[in-house]
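S.K.: With my numbering applied, the sequence shown covers 53 to 237.
Here are the simulated SDA-like cross-link-like pairs (lysine to any residue), alpha carbons at most 25 Å apart as the crow flies:
1) 213 to 129
2) 235 to 130
3) 133 to 226
4) 235 to 122
Restraint ranges, calculated between C-beta atoms of paired labels, are given here:
5) 59 to 156: 40 to 48 Å
6) 156 to 188: 15 to 23 Å
7) 98 to 133: 37 to 45 Å
8) 180 to 78: 38 to 46 Å
9) 104 to 78: 31 to 39 Å
10) 155 to 199: 18 to 26 Å
11) 168 to 125: 18 to 26 Å
12) 115 to 93: 41 to 49 Å
13) 131 to 103: 39 to 47 Å
If you are wondering where the hints come from, they were derived from the structure by calculation, not from laboratory data.
These numbers were taken from a predicted model, which means no experiment stands behind them.
Glycine included, C-beta positions come from ideal geometry on N, C-alpha and C.
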Amino acid sequence: AVSIRKAVSTRQMPPWNADPHYGSFRDARRLTDAEIATIVAWADGGAVEGNPSDTPALPQFADGWQIGEPDLVLTMAQPVKIPATGTIPYMTVATDYEFPQDTWIQAIEVRPGNRRVVHHAVASAAVPSDTGVAGGQNVHLYSPGLEAMVWREGYGKFFPKGTRISFQMHYNAIGTETTDQSKVG
53 AVSIRKAVST
63 RQMPPWNADP
73 HYGSFRDARR
83 LTDAEIATIV
93 AWADGGAVEG
103 NPSDTPALPQ
113 FADGWQIGEP
123 DLVLTMAQPV
133 KIPATGTIPY
143 MTVATDYEFP
153 QDTWIQAIEV
163 RPGNRRVVHH
173 AVASAAVPSD
183 TGVAGGQNVH
193 LYSPGLEAMV
203 WREGYGKFFP
213 KGTRISFQMH
223 YNAIGTETTD
233 QSKVG
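Can you make the complete structure from the sequences, with help from the hints?
M.R.: Written out as structure tokens, the structure reads:
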């Protein structure tokens, strides 16, 4: 509550860097003075919990793949060890797979191995070129509540032979050392 109070009263949160002195902006993510005063009063008043009956339902995550059973599932080459505490820097984690032939995909889904620690994950494709690797392309993102990517009939994403998939991971420590081994289908 102390951190929330400070972040909203200094207008650090929600983030919005547009200068209000230079016009008004549609869909501005700024809190009004009244909204800030409400949050400050809540924090100063002991951050009392609201009515539990007003709490939204917890999100329900599918047990299986949103895209149906994938033709191919790529898993991180090794589990990633997540420390119990501290800030965990972003990291890139490879898979051991290289596409053996040109491949079109119609659907892609990133699934966290350990939802408790995966803040978000980006699946990237390193596409080969005549001079080596042409660079990475983001192909899908996992973030809680984000749907799988499914292209309509006749559309898709092309991976040329030799494409390699990796993950850019952002983890949160949860107070207990654990591991993650996310996958993409």
